[in-house]
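Q: Make the full structure from the sequences, and use the hints.
Protein chains: 2
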Amino acid sequence: MRYRKIPDETVRRLPAYLRGAMHLSRGGVVSTSSQELAALLGVEPWQIRKDFSYFGDFGTPGVGYDLGHLISRVNKILRLNVGHKTVLVGVGNLGSALLAFPGFRTYGFEIAAAFDIDRRKIGRRKAGVLIEDVAALAGLRARGIQLGILAVPETASQKTAEALVKAGIKGILNFAPRRIAVPRGIKVITIDIAMDLARLPYYVPAG
Amino acid sequence: MRYRKIPDETVRRLPAYLRGAMHLSRGGVVSTSSQELAALLGVEPWQIRKDFSYFGDFGTPGVGYDLGHLISRVNKILRLNVGHKTVLVGVGNLGSALLAFPGFRTYGFEIAAAFDIDRRKIGRRKAGVLIEDVAALAGLRARGIQLGILAVPETASQKTAEALVKAGIKGILNFAPRRIAVPRGIKVITIDIAMDLARLPYYVPAG
DNA sequence: GTTTGTGAATAGTTTCACAGCA
DNA sequence: TGCTGTGAAACTATTCACAAAC
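Just so you know, the protein sequences line up as chains D and A, in that order. Residue numbers in the first sequence follow this note's numbering, run continuously in steps of one, and reach 1499 at the last position. Residue numbers in the second sequence follow this note's numbering, run continuously in steps of one, and reach 1499 at the last position.
Worth flagging that the hints you see were computed from the coordinates, not collected in a lab. Please note: incorrect hints may appear among the correct ones.
Each pair may be met inside one copy or between any two copies, as identical chains are not told apart.
Stated by the list, open to error - As a list, the in silico SDA-like pairs of lysine to any residue whose alpha-carbon atoms are at most 25 angstroms apart:
no., residue 1, residue 2
1, K1458, S1323
2, K1413, P1475
3, K1297, V1335
4, K1342, G1420
5, K1479, G1334
6, K1479, P1337
7, K1451, K1479
8, K1297, Y1494
9, K1451, R1341
10, K1368, P1497
11, K1451, L1316
12, K1413, T1398
13, K1479, P1469
14, K1413, A1434
15, K1368, A1486
16, K1479, R1305
17, K1458, Y1494
18, K1458, Y1346
19, K1368, P1469
20, K1297, E1336
21, K1368, G1384
22, K1418, S1325
23, K1377, D1484
24, K1418, G1360
25, K1342, A1331
A: So this is what it looks like as C-alpha cells:
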C-alpha cells in the first residue's frame, strides 16, 4: 500500500506513536510490537499497523518493530529529524507558560525567540529567552525560524499572523479562539482550549 | 432527520458555531444565515446546515436563523445553558495561565476551585481562587463540581485523575501528554500541545 | 507459532443538489 | 426569490481477517 495519499488522521496519530516509542526506548526496550505500543497508548494494534502501512518499511513480520528504526522513521516522516526553532509571539499568561513548557523538547522543538507588544516586557528575559519588540518581527527572516506560536489576544491574532507570514513563518500554532486567514502554503493549527472544554458537558450525563 | 445518532464531528463544531453566533449577537445582529456564519468562521454553509439538521428546529427557510434562538438551542444541546463550575488541579505555569484565562467565561465556565501539591502555594490565592491541598480533593464532592481541568506533570496525571473521579468529577480536560485511564461513564478530552506542534512540520514544505 | 502488512468490508463524514417553505 | 433542511452520492477512515514473512 505504498505511495498512497496519507490520511490526515494518520498524521495526527504519528506523534503519539513517536512519544510511545521514545518512552519505551528510554526504558531500555529495544524492540516492540503493535500490540505493546497500542496497549501503552490506549489505541488498537491494527490502527498502528495500518497507519505505518501507508509508508512501508517499518517492522518485521513475526518479530515486531525495532524501536530505533521506528523512531527515526517517524521522525523523518514528520520532519522532526532536524530540530526546529520556533518563535513565540505574546508573552502573557499563556505565552509565559509555553516558554517554560518542557513538552516541546520531546519532539526537538526550541523556542528560540519571543516577541511582545508590552514595553515593560521588552528587553527582559523569560525562561532564558529575550523578549523582543513585536514591531521588529520582520527581523526574524534572517534567523531561519519557520514555525510560530501565536499566544496573543484574540483581537490581535489576525494582524500578528500576517506579520509572522511576512517574517517568513510557514507554520503557525494558534491559541487564539478565532479563524486565522493566511496565504496558500501556510499551515495553521489552532488549539482552542475553551472550545474543547465546551464540548465536555455534552458527554457528561446529568449536567 | 431528527433523532438520529449525532456525529462526533458535529459536536466538535457546535462550540465554534456558538462562538460565531455570540460574536454576531454582541455586534447587534439579530438574525443570520448559514452563509454569513460560515464566512465568519471559515467553514462551508452546508456543513452548518447539515450539523443543525441532526437536531431540527433551528432556522426558517427563506429567512435564516434567529440568533437568540440559535444560541439558546446550541447552549442547551451542549448543556452549557447551566453555568459549569470547574476545578483546576496543578497550579504550575500552565495551571496559572488557565486560572487567568478569560476564554472559559465565553461558554459559561468558572474555575471555582484550585488544588496543588506544593506547600508553598497552598493557602495562597491566584486570580482570586484559593489554592487548596490536593490531598483534600475528596472534599470536592459536596461542592457540586463535575468538571476537572488537569494541569499536573505527566507523572502525576493518572493518580490525580483517579482522585478527581473519586471526588465525583465526571469530565476531565487533560493537558498531560499521556493516556488517562478512567472508569466507564467518565469522559476525558486531552489537549496535547506538543503533539499538535509536532505535526506542523509535516505540512510545511521544505523544513 | 508469532506478528506484520494490507486488500476488502464496514462505518462515518462530507458534499451535492434540490424539494419545500417563507 | 432566498434560504433552510435533508436524502443520496461521494469520499474518507476504521475495522476485519488472513496471507505472507520470520
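Q: Within, between, both or neither: how does the pair K1368, P1497 come out at a Cα-Cα threshold of 25 angstroms?
A: Answer is between; shortest inter-copy Cα gap is 13 angstroms, intra-copy 43 angstroms.
Q: Cα distance capped at 25 angstroms. Does K1342 pair with G1420 within a copy, between copies, both, or neither?
A: Classified as neither; 42 angstroms inside a copy, 49 angstroms across copies.
Q: Tell me, please, which holds for K1479 and G1334 at an alpha-carbon limit of 25 angstroms: within, between, both or neither?
A: between (29 angstroms within a copy, 14 angstroms between copies)
Q: Which holds for K1297 with V1335 at a C-alpha limit of 25 angstroms: within a copy, between copies, both or neither?
A: both (22 angstroms within a copy, 23 angstroms between copies)
Q: With 25 angstroms as the alpha-carbon cut-off, assign the pair K1451 and K1479 to within, between, both or neither.
A: The answer is within: 16 angstroms in one copy meets 25 angstroms, while 37 angstroms across copies does not.
Q: One pair to classify: K1413 and A1434, alpha carbons no more than 25 angstroms apart. Within, between, both, or neither?
A: The answer is within: 23 angstroms in one copy meets 25 angstroms, while 42 angstroms across copies does not.
Q: Within a copy, between copies, both or neither: where do K1479 and P1337 come within 25 angstroms Cα-Cα?
A: between (30 angstroms within a copy, 22 angstroms between copies)
Q: With identical chains treated as interchangeable, where does the CA-CA distance between K1458 and Y1346 reach 25 angstroms or less: within a copy, between copies, both, or neither?
A: Neither way: K1458 and Y1346 sit 35 angstroms apart in one copy and 42 angstroms across, limit 25 angstroms.
Q: Can you tell me if K1377 and D1484 fall within 25 angstroms by alpha carbon in one copy, between copies, both or neither?
A: both (23 angstroms within a copy, 19 angstroms between copies)
Q: Can you give me the call for K1479 and P1469, within, between, both or neither, at a CA distance of at most 25 angstroms?
A: For K1479 and P1469, the Cα distance is within 25 angstroms both inside one copy (16 angstroms) and across copies (23 angstroms).
Q: Within, between, both or neither: how does the pair K1413, P1475 come out at a Cα-Cα threshold of 25 angstroms?
A: neither (31 angstroms within a copy, 45 angstroms between copies)
Q: When no copy is named, should K1418 and S1325 be tagged within, between, both, or neither for a Cα gap of at most 25 angstroms?
A: Neither, since 42 angstroms and 46 angstroms both go past 25 angstroms.
Violated hints, listed in ascending order, are 1, 2, 4, 9, 12, 18, 21, 22, 24; each of the other numbered hints is respected by the structure.
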